[in-house]
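There are 2 protein chains.
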Amino acid sequence: MSKKIVIIGGVAAGPKAAARARRVDPNAEITIVERDSYVSYAGCGMPYYLSGEVSEFKKLFETTYGVIRDHDFFKKEKGCDLYTRTEAKSIDREKKEVVLENLDTGEQFTLPYDKLIIATGASPVMPQIEGTNFKGVHILNNPGDVQAIKQSLEEVDGEEAVVIGGGSVGLEVVDALSKNYMFTTMVTRSRILGGMLDIDMAERMQKKLEDADVEMKTGQKVLRIEGDDEGKISRVVTEQEELDCDIAVIAVGKEPNTALAVEAGLEIGETGAVAVNEYLQTSDPDIYALGDCSETTHIMTGEKIYFPTASVANRQGRAAGTNAAGGSEAFKGVLGTELMYTMEYNVGSTGLSEEKALQQGYSVGTATINTHDRPHFYPVHGMVVMKYIYDQNTGRLLGAQAFGDGDAAKRISLLAAAITFGATVEQMAELDLGYAPPYSNPLDVAQHTANICRNKMSGVARTMTVQQLKEKMDAGEDFVILDVRLEEQYNMRHLKDSRVKLIDLSTLQERINEIPTGKEIVVVCALGTRSYEAYRMLVGAGFENITFLETGLQGWPYEL
Amino acid sequence: MSKKIVIIGGVAAGPKAAARARRVDPNAEITIVERDSYVSYAGCGMPYYLSGEVSEFKKLFETTYGVIRDHDFFKKEKGCDLYTRTEAKSIDREKKEVVLENLDTGEQFTLPYDKLIIATGASPVMPQIEGTNFKGVHILNNPGDVQAIKQSLEEVDGEEAVVIGGGSVGLEVVDALSKNYMFTTMVTRSRILGGMLDIDMAERMQKKLEDADVEMKTGQKVLRIEGDDEGKISRVVTEQEELDCDIAVIAVGKEPNTALAVEAGLEIGETGAVAVNEYLQTSDPDIYALGDCSETTHIMTGEKIYFPTASVANRQGRAAGTNAAGGSEAFKGVLGTELMYTMEYNVGSTGLSEEKALQQGYSVGTATINTHDRPHFYPVHGMVVMKYIYDQNTGRLLGAQAFGDGDAAKRISLLAAAITFGATVEQMAELDLGYAPPYSNPLDVAQHTANICRNKMSGVARTMTVQQLKEKMDAGEDFVILDVRLEEQYNMRHLKDSRVKLIDLSTLQERINEIPTGKEIVVVCALGTRSYEAYRMLVGAGFENITFLETGLQGWPYEL
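Chains as they are written, first to last, in the working numbering: chain P, 1 to 560; chain A, 1 to 560.
What the hints contain is simulated information worked out from the structure, not anything from laboratory work.
Just so you know, these numbers come straight off a predicted model, no measurement behind them.
Watch out, some of these pointers could steer you wrong.
A pair counts as met if it fits within one copy or between any two copies, since identical chains are not told apart.
[What the hints assert, rightly or not] Here are the computed lysine-lysine pairs in the DSS-like style, where the Cα-Cα straight-line distance is at most 27 angstroms:
{"hint": "1", "residue 1": "Lys-75", "residue 2": "Lys-456"}
{"hint": "2", "residue 1": "Lys-519", "residue 2": "Lys-76"}
{"hint": "3", "residue 1": "Lys-76", "residue 2": "Lys-456"}
{"hint": "4", "residue 1": "Lys-4", "residue 2": "Lys-456"}
{"hint": "5", "residue 1": "Lys-232", "residue 2": "Lys-332"}
{"hint": "6", "residue 1": "Lys-501", "residue 2": "Lys-89"}
Just chain P, with the same shape it has in the complex (with noise of 0.2 angstroms):
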């Protein structure tokens, strides 16, 4: 008799687990069930549905040949039985069957299975604030979510938008409601992008985004949201302010949807998520789980970790698939890797955050750089702000973080692989990478940022981050900041302080007495490279109490 695969979750991780089910085992009864009426679509694709980018919304369901993913198409291409608008109400463990609802008849049924895949996903996080229910107040979750926020948008009178939240999807939602028009302001507890960049790259890149016009109320509490006598959000009051709006998006975070596994006694792990082994195995062995519902490993700490992204379902899907089907793969876990586009800018992290790797126990050394992603003289070239966060003891990398309008993905990515097969910043720095002018400098950005690095780590570079030097000035301290840029560039921006000198590189060899001997000095240029030239220059000549500006003063993220 052939084997009964039944999968709860029609979305990502369900779809994929059953597609590769049925090609390890062609003679498999396989059924997927799905609470919603829309399945496999490509939820991360909302927000560039929401901007017009995608224009229609019928793409979001299609396969690369144009064909909609519906019943017609399981039953046929992918031999599954599929029900939408379907919920399982519980499992039966003993009996190893599945009570289902039709949620348009009420009608009850069950299913009987072999294996079970429980793809529940996750649910957006929601405040307990007054005024959720307003008209013009959404979230971003399933395809009717993004459907009511274009609608909104068609029917909104004003052109102010109020986006809660300082995660990915919320600043994919400021990015898709900006090429909508609107004026966006951002609204976040504490600051953006905490679970992906430390605070020195959020505080930077919440300046670019300041820079593009984005009103960022960082470090605010919303208490709750008014309406008008229509019952039509009029504004979002936070703990400092009012901010009046024509509507607001709440991405505040997921949760994974785990009653279907607590009702059935399945172990629920610390992270609130569903507990699975490395073959996603949850504490029944013929009732796995996969995707946002599940919690799963984090390969360098080793730490349970709730990390619900479309790639992880992905790989999981295989995963379990392929068990449940028979075989027998694992799923290891993830280094937390991490991607988004907003207002022009790649972000992306990968690894331990400088934070996380202090909290490990590492001796934590870190380089940040900002420069070209490709020669300056190529016409399509964009800037790479980019910090490594290494073990200063063996020189091994343990994270990286990346954003710029230039192509910080890749070397994310890039990083990710690097990191995850155990390089030193050495081994990094010496990568036959490939070079030609449309992708990178003959040594790219991510064995520019590992050759920092090596230099921090030998003495040659000693340097001083934009956050210690701005204590330093606040702190009134008696020292030179000696920039060496072109007077030029120095009468565009430069740090307003008494303590700065200008001395253009070029003759400071012949100006080096106007240096005071006695003081510290931190040289500062436009990006940290001829300032790191100045450096060694002064260093030569005897100057011992003496450190560069990392990222150069486009780097700075405070006022000039």
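Following the hints, complete the assembly by docking chain A onto the known chain P.
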């Protein structure tokens, strides 16, 4: 007394070594000597200046902050002396002196050194044929050459160009000439990109160039170039035909400039380039060689190879600069990664080719796919054809090749890292690379390809390449080609062969009886996705003598 470092060669490797030596030892006396009048320029940028994408010649000579890298720059910012139009004639290794000649005045003088760095670069190989002196016949090696081609293009009456040589530089020139509205013919003695792509990939890439209206004359030996009475080129004559043209560019390879090293009695390697150890020392430990004049080691085979590229020169520059200044930095070798851009296509390769891997004795497996680099719904996306070469015994990745209008370059750099760190196809598939629609599919092309390798290794997938299918068809074998695409797709383009049978995947289950059971079956579709699905369905139904077509009909390089 401060250390004297003399560097012969001022294009890429030399200045990089100088800058690094300066930073490591701020008190060294550093001198750069260059035969040409141009120094420290972006040689790889020349094709983009030729194409018009780089608008100003001087941009190739500027720093990111707009300063020309001339004598003044090297003196004031790098603290290095620079002699241009000065040739190193000989080295007195006993006295540790270099004999130099000012090429304008003929005056000779000597420079003492403690450490000497040879970075004399390479010269274009000139084919031994008549007619290379006609006006309109060019090479592309230095900035003077590119200016000369620019001028030829301005003066030229007609619009036909011939490029002799099918390597990267030749193809970059094809692209640049096309952007100058020239009808361009490429003539090459064997196939294109011989050092970079296996023949199956090269054939596919050649098809793309033909589709882009580049006349491709492969396997043609050039006999001579003929000119008119005014001494201008009129045609390129090959063994097969006469190609009328108004301009020709010869790009048949580079050879190392070793005259100085030979004269000094330094060891020359089997590759014909200067031999060095991993500290880039020549057979004289006080003399280093690097960049295009020297050979290096392939890190996978341990063999010495000649691999002249700017990124290698850069990385070697750091090592040689460090070592000459008294530090210690190894340069362990290269993986042979190459990237290039031509006619809207990104092309790259890394590690071992299939051919090379077979020579090395590996039990070679390959997998090739043809797929989108980003979700098909996302407005910016392209196709990538990607081939992996792996060891069937261990699953270890040995090499990767890719091209496409999608971002093939990004994947090749990623693979270069993975291969360097010894990744297996399984580890490649498991990487947590991050995902958002602007960057990749949830499962990146690079991981998708790795999964195909896994499927082939485990026996879940048995495939046929386009070359194998073509041979089978040409041999008149009796078998069934089962096309499972939509009828609309079939009608647009299909294999014109009586053995083709069309059964849309969605009707395959109902029509399974129409498939003859005694014959070999090859399932085909557009990309290899639906045919894989159909293949598994038929395997499940008991068909045994069956395969599906890798890369699908979109990867078919022959006539349809």
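Hint by hint, here is what the structure shows:
no.: 1; hint: Lys-75 to Lys-456; in the structure: between (60 angstroms within a copy, 26 angstroms between copies)
no.: 2; hint: Lys-519 to Lys-76; in the structure: between (78 angstroms within a copy, 24 angstroms between copies)
no.: 3; hint: Lys-76 to Lys-456; in the structure: between (60 angstroms within a copy, 25 angstroms between copies)
no.: 4; hint: Lys-4 to Lys-456; in the structure: between (59 angstroms within a copy, 26 angstroms between copies)
no.: 5; hint: Lys-232 to Lys-332; in the structure: neither (48 angstroms within a copy, 67 angstroms between copies)
no.: 6; hint: Lys-501 to Lys-89; in the structure: neither (72 angstroms within a copy, 46 angstroms between copies)
The structure fails hints 5, 6 (numbered hints given earlier, in ascending order).
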